[in-house]
Amino acid sequence: YARAMLIGLFVFLGILVAILVIVGLWAMGIYNGLVGLRQAVKNAFAQVDVQLKRRHDLIPNLVETVKGYATHEKETLERVIAARARATSATTPADKLKAEGEVSSALARLLVVSEAYPDLKANSNFTSLQGELTGTEDRIALSRQTYNDTVTKLNTGIQTFPAVLIAGVMGFKEEPFFETPAAEKEAPKVKF
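Per my numbering, the sequence shown starts with residue 4, numbered consecutively.
Honestly, the hints are just simulated from the structure, not real lab data.
Bear in mind the structure is a predicted one, so any value in this text is a computation, not a measurement.
Some hints could be false.
To be verified - With a Cα cut of at most 30 Å, we get these calculated DSS-like pairs of lysine-lysine:
(1) K70 to K124
(2) K124 to K56
(3) K176 to K70
(4) K56 to K70
(5) K45 to K77
(6) K45 to K124
(7) K56 to K156
(8) K101 to K156
(9) K156 to K176
(10) K70 to K45
What the hints assert, rightly or not - Label-pair restraints from in silico Cβ distances:
(11) Q42 to R89: 46 to 56 Å
(12) E78 to G32: 49 to 59 Å
(13) G174 to E78: 41 to 51 Å
(14) G174 to P121: 36 to 46 Å
(15) K56 to Q162: 27 to 37 Å
(16) T155 to I84: 26 to 36 Å
(17) K77 to P121: 18 to 28 Å
Backbone N, C-alpha and C fix where the C-beta goes; we use that ideal spot for every residue, glycine too.
Work the whole structure out from these sequences, hints included.
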């Protein structure tokens, strides 16, 4: 009888160990999947950041070119410069997202103001810079879309069952979307 009890105990412990190993492997798989998604979000944001830096590098040249023609548009030029400064000094993704919305808004206003200066629009340096900026804005839009798609996957992964049981315990948090600033959704209004 003792032998049967001992065999039963070993079988029970074997089943318990097998269940614990299966649960551990399952949790490890979910954790590793979430880590992969988090890294993909960081990579996607880094790609957006590369394009934003390119835009930041173009802004001083654009402002200097416009400054020569539109001397009484000082406020518009100062907004662009201030927005760029805030964007380049932002450290967290959330701060960068907010600051980049301000840059987009200020640039849109600057380009609308430039329409009132035919000599400026005819300047080859301005035309070249405007073309580079347009191309960069297109790349930013594509990078932003990729980032948002990746954030959607991570946020969905964090919120869905059974990953939700592990995500919170392991410190996974939802990432913010890189949304189109309200200023870009509406045409800027210019008063002369």
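Return holds or violated for the Cβ distance of Q42 and R89 against the range 46 to 56 Å.
Since the Cβ atoms of Q42 and R89 sit about 28 Å apart, the hinted range of 46 to 56 Å is violated.
Against the range 41 to 51 Å, how does the distance between the Cβ atoms of G174 and E78 compare: consistent or not?
holds (45 Å)
Hey, K70 versus K124, does the alpha-carbon distance stay inside 30 Å?
Measuring from Cα to Cα gives roughly 13 Å; hence the hint holds.
Kindly confirm whether 26 to 36 Å is satisfied by the beta carbon distance between T155 and I84.
holds (34 Å)
Hinted pair, alpha-carbon criterion (30 Å max): K101, K156. Please report holds or violated.
holds (22 Å)
Regarding the pair K56 and K156, is the alpha-carbon distance no greater than 30 Å?
holds (26 Å)
At the C-beta level, are K56 and Q162 separated by a distance inside 27 to 37 Å?
At roughly 32 Å between Cβ atoms, Q162 and K56 fall inside 27 to 37 Å, so the hint holds.
Tell me if the straight-line CA distance from K45 to K124 falls inside 30 Å.
violated (39 Å)
Could you check the hint for me, namely that G174 and P121 are 36 to 46 Å apart, CB to CB?
violated (57 Å)
Check the hint pairing K124 with K56 against an upper bound of 30 Å on the C-alpha distance.
With a Cα-Cα distance of about 25 Å, the restraint between K124 and K56 holds, given a limit of 30 Å.
For a C-alpha distance cap of 30 Å, please report whether K176 and K70 respect it.
Answer violated: K176 to K70 is near 44 Å, above 30 Å.
Satisfaction of hint between K45 and K70, Cα-Cα up to 30 Å
Distance ~37 Å between K70 and K45 Cα, so the pair is violated.
In terms of the numbered hints stated before, the structure departs from hints 3, 5, 6, 10, 11, 14, listed from lowest to highest.
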